[in-house]
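Novice: Please take these sequences and the hints and turn them into a complete structure.
So the protein sequences, as listed, match chains A and S. All the letters of the first sequence, read from the start, carry residue numbers 24 to 390 under the numbering used here. All the letters of the second sequence, read from the start, carry residue numbers 2 to 313 under the numbering used here.
It is worth saying that the hints were derived from the structure and are not from the lab. Computed from a predicted model, the values in this text were never measured in an experiment. Errors might be hidden in some of the hints.
Examples of chain S residues lying across from chain A (beta carbon under 10 angstroms, computed) [as the list claims (entries may be wrong)]:
| hint | residue |
| --- | --- |
| 1 | A52 |
| 2 | C57 |
| 3 | Y99 |
| 4 | E120 |
| 5 | L227 |
| 6 | P256 |
| 7 | D260 |
| 8 | L262 |
| 9 | E265 |
| 10 | I266 |
| 11 | L294 |
Here are the simulated DSS-like cross-link-like pairs (lysine-lysine), alpha carbons at most 30 angstroms apart as the crow flies [to be verified]:
| hint | chain 1 | residue 1 | chain 2 | residue 2 |
| --- | --- | --- | --- | --- |
| 12 | A | K136 | A | K118 |
| 13 | S | K172 | A | K118 |
| 14 | A | K187 | A | K47 |
| 15 | S | K270 | S | K172 |
| 16 | S | K171 | S | K154 |
| 17 | A | K118 | S | K218 |
| 18 | A | K350 | S | K43 |
| 19 | S | K71 | S | K33 |
| 20 | A | K65 | A | K132 |
| 21 | A | K298 | S | K86 |
| 22 | A | K118 | S | K269 |
| 23 | S | K154 | A | K298 |
| 24 | A | K136 | S | K269 |
C-beta atoms are modelled at their ideal positions from N, C-alpha and C, and glycine is treated no differently.
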Amino acid sequence: MKRKKTKQYRLSFPHMGNYHITFKTFFKALDLEIVIPPPISKQTIELGSRYSPESVCVPFKYNLGNYIQALDRGANLLLQAGGGCRYGYYGEAQKHILENLGYDFEFFKLRNKRNPINIIGDIHKINPKIPFYRVLKAFLLAYFKGRCIEKAEDFLRKNIGFEKKKGQLEKQFKFFLSKLDQAETFTQARQLTKKYLRIFENIPILKPKNLLRVGVVGEFYVVLEPFSNYNIEKFLASKGVEVHRFITLTGLLNHSIFNGIIPNHEVNQYLRHAKPFLKYHIGGHGTDSVGKANELAKKGFDGAIHIKPFGCIPEVNAMPALQNISKKYNFPIIYLSFDAQTSDTGMQTRLEAFYDMLTMKKNATKK
Amino acid sequence: MNKEKRIGIPRALLYYKYNVLWHTFFKELGFKIVTSPATNKKILQQGASLAVDESCLPVKIFLGHVDYLKNKADYIFIPRIASFKKNEELCCKFQGLYDITVNTFPDLNILHYNVDVNEFRRESLEFLRMGLTVCKNPIKIFRAYRKGKFKQKHLQKKKIRRQARLLKNKKLKKILIVAHPYILFDGFTGKTILDYLKSQNIAIIDADIAQKKLVKKLSQKISQDLYWTYNKELVGAIDLYKNKVDGIIYVSAFPCGPDSLVVEICQKKIKNIPSINIIIDELQGEAGLITRLESFIDILEYQQKSAKNYKS
Numbered sequence: 024m025k026r027k028k029t030k031q032y033r034l035s036f037p038h039m040g041n042y043h044i045t046f047k048t049f050f051k052a053l054d055l056e057i058v059i060p061p062p063i064s065k066q067t068i069e070l071g072s073r074y075s076p077e078s079v080c081v082p083f084k085y086n087l088g089n090y091i092q093a094l095d096r097g098a099n100l101l102l103q104a105g106g107g108c109r110y111g112y113y114g115e116a117q118k119h120i121l122e123n124l125g126y127d128f129e130f131f132k133l134r135n136k137r138n139p140i141n142i143i144g145d146i147h148k149i150n151p152k153i154p155f156y157r158v159l160k161a162f163l164l165a166y167f168k169g170r171c172i173e174k175a176e177d178f179l180r181k182n183i184g185f186e187k188k189k190g191q192l193e194k195q196f197k198f199f200l201s202k203l204d205q206a207e208t209f210t211q212a213r214q215l216t217k218k219y220l221r222i223f224e225n226i227p228i229l230k231p232k233n234l235l236r237v238g239v240v241g242e243f244y245v246v247l248e249p250f251s252n253y254n255i256e257k258f259l260a261s262k263g264v265e266v267h268r269f270i271t272l273t274g275l276l277n278h279s280i281f282n283g284i285i286p287n288h289e290v291n292q293y294l295r296h297a298k299p300f301l302k303y304h305i306g307g308h309g310t311d312s313v314g315k316a317n318e319l320a321k322k323g324f325d326g327a328i329h330i331k332p333f334g335c336i337p338e339v340n341a342m343p344a345l346q347n348i349s350k351k352y353n354f355p356i357i358y359l360s361f362d363a364q365t366s367d368t369g370m371q372t373r374l375e376a377f378y379d380m381l382t383m384k385k386n387a388t389k390k
Numbered sequence: 002m003n004k005e006k007r008i009g010i011p012r013a014l015l016y017y018k019y020n021v022l023w024h025t026f027f028k029e030l031g032f033k034i035v036t037s038p039a040t041n042k043k044i045l046q047q048g049a050s051l052a053v054d055e056s057c058l059p060v061k062i063f064l065g066h067v068d069y070l071k072n073k074a075d076y077i078f079i080p081r082i083a084s085f086k087k088n089e090e091l092c093c094k095f096q097g098l099y100d101i102t103v104n105t106f107p108d109l110n111i112l113h114y115n116v117d118v119n120e121f122r123r124e125s126l127e128f129l130r131m132g133l134t135v136c137k138n139p140i141k142i143f144r145a146y147r148k149g150k151f152k153q154k155h156l157q158k159k160k161i162r163r164q165a166r167l168l169k170n171k172k173l174k175k176i177l178i179v180a181h182p183y184i185l186f187d188g189f190t191g192k193t194i195l196d197y198l199k200s201q202n203i204a205i206i207d208a209d210i211a212q213k214k215l216v217k218k219l220s221q222k223i224s225q226d227l228y229w230t231y232n233k234e235l236v237g238a239i240d241l242y243k244n245k246v247d248g249i250i251y252v253s254a255f256p257c258g259p260d261s262l263v264v265e266i267c268q269k270k271i272k273n274i275p276s277i278n279i280i281i282d283e284l285q286g287e288a289g290l291i292t293r294l295e296s297f298i299d300i301l302e303y304q305q306k307s308a309k310n311y312k313s
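Specialist: What follows is the structure in structure tokens.
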């Protein structure tokens with residue numbers, strides 16, 4: 024990457040759930056100013072969908088909205104990762120659209136083959152003056168923080184909505200995030216997580232006896248970004264459903280560590296669980312969705328929610344297999360797809376109906 | 002068993018790219034080949050009812066064709082192609098095609114081959130593997146594959162020569178159509194467009210007909226990151242033909258993953274030629290489509306006239 028000496032770079036990246044904390048920790052090692060785009064709001068998606076091609080999937084629109092808001096706040100170096108399906112091509116398309124809008128910036132895209140070694144190497148290229156070990160250390164710290172967030176989120180998801188005093192868990196979780204953001208060493212992050220997990224556990228929780236357990240499977244971004252799925256997890260929690268989610272960023276990284284050495288390692292891992300419904304990899308994250316749904320059905324969950332952006336090809340490929348899982352195990356699955364315009368209430372009505380069906384099914388099987 | 006085995010090849014998706022290869026291969030192995038007819042309303046409806054609502058139009062059509070063939074043949078032939086080359090990929094629908102069909106029709110007797118460079122599965126070996134399930138002579142299978150491949154290449158060269166002759170013709174108006182062959186030559190999606198342009202005496206330049214190696218190199222000029230093999234070929238062809246044609250028509254199906262981004266970039270980068278983007282869905286009416294094409298051709302004529310006036 025050619026760069027002028029005088030120019031001061033301000034780096035920015037799109038949001039994904041609470042992971043902006045991890046990203047920030049990682050990029051801090053580069054000695055650049057970091058501009059975190061404002062939290063995703065209605066304005067973000069409006070901006071994003073105004074300038075995006077019509078039939079592109081929703082994560083593209085959210086990312087573009089994030090970029091525009093970050094550029095307006097003075098960012099001039101944008102980052103985008105790459106991967107399977109359409110995501111690998113996001114970078115170039117977004118760069119074009121933003122250039123046509125008249126912004127002055129540089130765009131940096133990671134390689135499509137994601138494994139941690141590639142990611143660290145690529146990021147190091149942004150500022151080669153920084154010694155390599157610092158980038159590596161920042162990556163490890165960021166990874167660790169990611170794990171911390173996921174631990175806390177996992178606890179939160181299973182218990183939110185059941186507290187005696189509503190909203191207490193979420194309040195504490197926000198404190199936790201802001202403190203974790205400032206943690207600079209492994210020890211600090213670990214102690215913080217320990218401390219706050221204890222605080223979470225001490226909040227009095229009332230759980231009904233015959234609890235419904237539901238798993239969320241589906242496309243990566245929509246599952247991880249609560250705004251894009253209209254906080255369905257929160258809504259379900261308010262109904263008294265225990266929500267389990269398996270997709271995490273660090274989980275994805277764990278799978279892809281061996282990708283460079285053992286060909287198709289990641290995919291084979293997913294395929295093992297998806298048998299006998301799939302024989303081959305169906306692209307993107309679809310294989311994993313089928314595998315996870317299969318496991319959920321075997322483990323005796325009450326139901327699953329399959330969420331995807333509208334027109335996501337890998338997840339659409341997965342749907343016939345999911346329907347067969349549903350038939351074979353008598354396991355209810357609801358399919359939701361999200362677009363920039365889907366209304367909040369429509370989604371809630373469908374989820375309510377799904378919830379009613381699950382409770383009726385549970386009562387019927389009990390007798 | 003003296004009776005010939007019948008193999009059904011659905012006339013959809015990659016059929017339009019590899020039909021000669023497949024036909025020759027199975028004929029050499031002693032199969033009787035059954036193909037479905039060009040897409041008609043019944044096939045489309047059947048496919049749409051079988052497929053997931055959100056799957057793209059070509060996949061719906063494909064399932065319709067499979068449904069048509071399922072009782073008419075002993076085997077159904079379905080390829081699964083993930084990637085031909087390193088760092089290149091095919092659209093995810095080709096990767097999932099086998100599993101979609103198996104899950105939609107559980108009792109189907111399927112012959113399939115799987116090309117995936119990441120798993121070291123090459124096309125020739127995969128044809129051999131597929132052939133061995135129905136025939137015991139590997140040399141015969143390999144010969145059949147070679148013959149099919151040769152015929153396919155020969156036909157492609159012939160098409161390129163024909164297109165080159167068309168391009169030299171100065172009397173005709175020429176329009177470049179950028180579309181996947183399974184959309185352009187399909188009985189439902191592309192027929193109206195082709196028929197109308199032919200009736201207007203316009204030469205159709207097909208972006209899919211070009212030397213693949215050259216075209217892939219040229220595609221770098223428009224987009225560096227592109228990794229879908231078929232889109233790469235089409236985009237390169239735009240660069241190859243853009244100075245020789247009067248206008249460009251992009252045709253894609255709704256909702257198409259790769260095309261939604263690629264067409265956007267192409268339209269933004271290639272500016273000095275008039276272009277139109279036609280997106281076809283399953284409810285497409287003929288009249289609306291023709292009106293759009295008419296107005297596009299009017300624009301072309303108007304532009305040429307004004308250019309002539311400007312010169313004189």
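Novice: If a hint holds in the structure, say so; if it doesn't, say that too.
Specialist: How the hints compare with the structure:
Below 10 angstroms, beta-carbon pairs count as interface contacts, and A52 of chain S has one with chain A at about 8 angstroms; its hint therefore holds. Interface hint status for C57 of chain S: upheld, as the beta-carbon distance to the closest one in chain A is roughly 7 angstroms, under 10 angstroms. For Y99 of chain S, the interface hint holds, since its Cβ comes within 10 angstroms of a Cβ in chain A; the closest pair sits about 6 angstroms apart. Checking E120 of chain S against chain A: minimum C-beta separation of about 6 angstroms stays under 10 angstroms; hint holds.
Contact between L227 of chain S and chain A, as hinted, is supported at the beta carbon level, the nearest pair being about 7 angstroms apart and thus within 10 angstroms. At about 4 angstroms, the closest approach between the beta carbon of P256 of chain S and any beta carbon in chain A falls short of 10 angstroms, and the interface hint on this residue holds. A distance limit of 10 angstroms between C-beta atoms decides the matter here; for D260 of chain S the minimum to chain A is near 8 angstroms, and the interface restraint holds. With a cut of 10 angstroms, the hint placing L262 of chain S at the interface with chain A holds, because the nearest CB-to-CB distance is about 5 angstroms.
Restraint check, E265 of chain S versus chain A: the minimum CB separation of about 4 angstroms is within 10 angstroms; hint holds. With its C-beta approaching chain A no nearer than about 6 angstroms, I266 of chain S sits inside the 10 angstroms limit, and its interface hint holds. Below 10 angstroms, beta-carbon pairs count as interface contacts, and L294 of chain S has none with chain A, the closest being about 20 angstroms; its hint is therefore violated. Distance restraint check for K136 of chain A and K118 of chain A: the Cα-Cα separation of roughly 20 angstroms lies within the 30 angstroms cut-off, and the hinted pair is therefore satisfied.
As the CA atoms of K172 of chain S and K118 of chain A are separated by approximately 41 angstroms, the hinted pair breaks the 30 angstroms bound. Restraint check: the Cα-Cα separation between K187 of chain A and K47 of chain A comes to about 35 angstroms, which exceeds 30 angstroms; the hinted pair is violated. Straight-line distance between C-alpha atoms of K270 of chain S and K172 of chain S comes to about 28 angstroms, which keeps the hinted pair within the 30 angstroms bound. With a C-alpha separation of about 28 angstroms, the suggested pairing of K171 of chain S with K154 of chain S holds against the 30 angstroms cut-off.
Distance check on the hinted pair: K118 of chain A and K218 of chain S sit about 22 angstroms apart at the alpha-carbon level, within 30 angstroms; holds. Our distance criterion of 30 angstroms between C-alpha atoms is met by K350 of chain A and K43 of chain S, whose separation comes to about 27 angstroms. This hinted pair checks out: K71 of chain S and K33 of chain S have alpha carbons roughly 15 angstroms apart, not beyond 30 angstroms. Among the hinted pairs, K65 of chain A with K132 of chain A is consistent with the structure: their alpha-carbon atoms are about 26 angstroms apart, no more than 30 angstroms.
Of the supplied pair hints, the one linking K298 of chain A and K86 of chain S holds, its CA atoms being roughly 27 angstroms apart against a limit of 30 angstroms. Among the hinted pairs, K118 of chain A with K269 of chain S is consistent with the structure: their alpha-carbon atoms are about 12 angstroms apart, no more than 30 angstroms. Between the alpha carbons of K154 of chain S and K298 of chain A the distance comes to roughly 38 angstroms, so the proposed pair goes past 30 angstroms and is violated. Distance hint between K136 of chain A and K269 of chain S is fulfilled; the C-alpha atoms sit about 28 angstroms from each other, no more than 30 angstroms.
Going down the numbered hints, you'll see the structure goes against 11, 13, 14 and 23, while the others check out.
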